[in-house]
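Put together the whole structure using the sequences plus the hints.
Each chain, letter by letter, is given below.
Protein chains: 2
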Amino acid sequence: MRIITLALLGSALCSGQGTNECKPSQLNIPGAQYPCVYPDGRARFRLAAPEAQKVQVRIVGQGFDMTKGDDGAWTVTTTPLVVGFHYYTLVVDGARVADPSSRTFFGSGWENSGIEVPEPPEVDYYLAKDVPHGQVSQRWYYSKVTGKWRRCYVYTPPDYDAGKARYPVLYLMHGWGEDETGWHRQGHVDLILDNLIAVKKARPMLIVMDNLNAVKPGEDGTIFTSMGRLPPRPAAGTGAAAGAARSGGLASFTEATFTEMMLTDLIPMIERTYRTLPGRENRAMAGLSMGGMQTFLTTLANLDKFAYIGGFSGSTGGRGGFDVKTSHNGVMADPEAFNKKVKVLFLGIGSMEGPGTKNFSEQLTKAGIKNVYFESPGTAHEWLTWRRCLNDFAPRLFQK
Amino acid sequence: MRIITLALLGSALCSGQGTNECKPSQLNIPGAQYPCVYPDGRARFRLAAPEAQKVQVRIVGQGFDMTKGDDGAWTVTTTPLVVGFHYYTLVVDGARVADPSSRTFFGSGWENSGIEVPEPPEVDYYLAKDVPHGQVSQRWYYSKVTGKWRRCYVYTPPDYDAGKARYPVLYLMHGWGEDETGWHRQGHVDLILDNLIAVKKARPMLIVMDNLNAVKPGEDGTIFTSMGRLPPRPAAGTGAAAGAARSGGLASFTEATFTEMMLTDLIPMIERTYRTLPGRENRAMAGLSMGGMQTFLTTLANLDKFAYIGGFSGSTGGRGGFDVKTSHNGVMADPEAFNKKVKVLFLGIGSMEGPGTKNFSEQLTKAGIKNVYFESPGTAHEWLTWRRCLNDFAPRLFQK
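Residue numbers (the working numbering), protein chains in the order written: chain A, 1 to 400; chain B, 1 to 400.
Fair warning: there could be bad hints in the mix.
Any copy, or any two copies together, can satisfy a pair, since identical chains are not distinguished.
Said to hold, decoys possible - Result set (DSSO-like, lysine-lysine): computed pairs, CA atoms no more than 30 Å apart in a straight line: (1) K400 <-> K343; (2) K23 <-> K144; (3) K200 <-> K164; (4) K341 <-> K200; (5) K68 <-> K54; (6) K216 <-> K23; (7) K148 <-> K216; (8) K148 <-> K201; (9) K144 <-> K201; (10) K129 <-> K144; (11) K305 <-> K370; (12) K400 <-> K370; (13) K129 <-> K400; (14) K23 <-> K148; (15) K216 <-> K129; (16) K200 <-> K148; (17) K148 <-> K129; (18) K200 <-> K144; (19) K370 <-> K343; (20) K305 <-> K400; (21) K400 <-> K201; (22) K325 <-> K341.
No wet-lab data here; the hints were simulated from the structure. Fair warning: this is a prediction, and the values are worked out from it, not measured in the lab.
Structure below.
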């Protein structure tokens, strides 16, 4: 009798968590019902693949085998997923492909699928609201350093077009395997700033989003892969294209060339093209993950040009351990002088990413280096962490 | 003896057309060597799918079965493809997916793969050149008509930011299954205009690219599918979402609602936000395929608001045949008055698309309606036709 009761209860539970409760992901193509997300964060995926032998979805480091139904469609419901934006991939008989039901997002070096496990509805800092809206513009420019045309995106605040004011500038970098589209497509940078500016929490500013790729003609870039950092190619290589090919389509750059390109080409182009405020106190740089590492390398070597520094999941003290006297060519050796120069040194991280950044922040504090430690509760190495970082970081910028 | 000679010759030809001659498509993700395109237009595709039973590439209406190699990768070389941009799809054991080696482009209602079979190198009207560059900006706005936030992209010419001048505006529409990103991603609208403006062939203008999707709350939109136009849903439907779901993720709109949205929300937002020139003689509308049909419906019903009209592969006289006296509510019944009002009526088409547009143009001419017929040589119903249409159409706009 108890067994029957449980069976009925089970059936009732199933119907209570039926398809109606599974809401299509906000990142689906128009009209697609799958993938959908249950209120508890489980996601249900579906792919029509009538002749496949094995189909799997890979998301947040896990694989979920899908099951074939009578209609030839494969489905699976995952365990609860952490809140936020996640890249995910389908594997169809060994082929790694994007889900055709999803919008695609450039990540891990290719056009990956994405799913949004939504925050509670009251969390709306990155949603479109009835406030004045700025815009994100695609800008082409020629780099003398790399000898190539480059593309960046520029956020201009709501009052930029109508007014004559000049603005400070934040240079904001993507992470490994991503590109200059990440911050507005995955990160909602424009909506976050629109919302902050509307309630006067952040100063109106420009935000410039460029691409880490930067090698000089003939130069072989360092390749970052999911396995870590590979050394520069030997001289026998055929340049950036060969390097990128070896890594399966990832960024090819050297840190020094990126910095040189930024100082020689990008910043002058921005300051020539837009109404910007001059000087280091009107320039900030931040980035996520690999872009955070680049931020530290660029800014700490050029404190005459930047007064605000942000690392989002990209700051654990650098390679080979941190030493206040010697790290970054000793730029922090005199903490008082450093604190006077650097108006904000921001270290953000998701709480599920481990203690490295917190330890680094405490090391800095102990050494007398002022810094802001921000921890995003319950999130991992993904875009919800970085949206929250930006939302906390932007209001700290360019305050006199 | 003759047979042996031919065999040797064949072998020599094969080695002459080896992998070195197959250049990676410009639309590949960084570093991807495949797909690549041979000088004669054949394309070679490659997909790693070690456990698949059958893999096919579908492109320009044809299917090419791929062959599995010892390394688990499937490859095929197609027959020569027509020049231009083509969507293409891989079918892996029955699953229709995008090629992970390609950038994705919103077409046919999803994030499809694309390949560019390049024009000869001397054809550079849509390439980035060393000329002043305008920008393409993402703009959010709220529509009172649909009750939803909408996104459009706006091209502003090179001198817009630095100057104070006011500009005329071209409203430029995508086609079936595409969206507001098509004209700058697939169409290179910004580079085409930059290049035209640099040599003073076109007047500097704004170009607004919106999305055909537009239904009022509770309204059931007409669905266009690859099989043609479906009638509006019966009242029992649950609105746009259900309609779109039925069609597999395609545009849901009614022509009248799109026009109302455009006149009520879009045009006033643009003219409020940007430095535009007022009046019908400073407004043009054009579109490709379904967007061309919408252009005719919107402009011919509102000649007090538009003086320039362009249909790119979207103009064969409308449904049910053309009659100069009665079509479009008789707006052409007085050809002389119509010719005076409409400064340019442009009908573009690819030469491989059939004679419908040419016949329509001749019908118009015979009826006394001035029009421009433009035929793109050797191209089909795809983006190279439409880039060429724009390149021919834009210089004709807003000339006093």
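So, going through the hints one by one against the coordinates:
{"no.": "1", "hint": "K400 <-> K343", "verdict": "within (10 Å within a copy, 55 Å between copies)"}
{"no.": "2", "hint": "K23 <-> K144", "verdict": "between (49 Å within a copy, 26 Å between copies)"}
{"no.": "3", "hint": "K200 <-> K164", "verdict": "both (19 Å within a copy, 28 Å between copies)"}
{"no.": "4", "hint": "K341 <-> K200", "verdict": "within (25 Å within a copy, 48 Å between copies)"}
{"no.": "5", "hint": "K68 <-> K54", "verdict": "both (9 Å within a copy, 18 Å between copies)"}
{"no.": "6", "hint": "K216 <-> K23", "verdict": "between (47 Å within a copy, 22 Å between copies)"}
{"no.": "7", "hint": "K148 <-> K216", "verdict": "within (9 Å within a copy, 46 Å between copies)"}
{"no.": "8", "hint": "K148 <-> K201", "verdict": "between (38 Å within a copy, 26 Å between copies)"}
{"no.": "9", "hint": "K144 <-> K201", "verdict": "between (38 Å within a copy, 28 Å between copies)"}
{"no.": "10", "hint": "K129 <-> K144", "verdict": "between (40 Å within a copy, 14 Å between copies)"}
{"no.": "11", "hint": "K305 <-> K370", "verdict": "within (19 Å within a copy, 60 Å between copies)"}
{"no.": "12", "hint": "K400 <-> K370", "verdict": "within (17 Å within a copy, 63 Å between copies)"}
{"no.": "13", "hint": "K129 <-> K400", "verdict": "within (28 Å within a copy, 42 Å between copies)"}
{"no.": "14", "hint": "K23 <-> K148", "verdict": "between (44 Å within a copy, 19 Å between copies)"}
{"no.": "15", "hint": "K216 <-> K129", "verdict": "between (43 Å within a copy, 20 Å between copies)"}
{"no.": "16", "hint": "K200 <-> K148", "verdict": "between (39 Å within a copy, 25 Å between copies)"}
{"no.": "17", "hint": "K148 <-> K129", "verdict": "between (38 Å within a copy, 11 Å between copies)"}
{"no.": "18", "hint": "K200 <-> K144", "verdict": "between (39 Å within a copy, 27 Å between copies)"}
{"no.": "19", "hint": "K370 <-> K343", "verdict": "within (9 Å within a copy, 66 Å between copies)"}
{"no.": "20", "hint": "K305 <-> K400", "verdict": "within (17 Å within a copy, 49 Å between copies)"}
{"no.": "21", "hint": "K400 <-> K201", "verdict": "within (14 Å within a copy, 48 Å between copies)"}
{"no.": "22", "hint": "K325 <-> K341", "verdict": "within (17 Å within a copy, 76 Å between copies)"}
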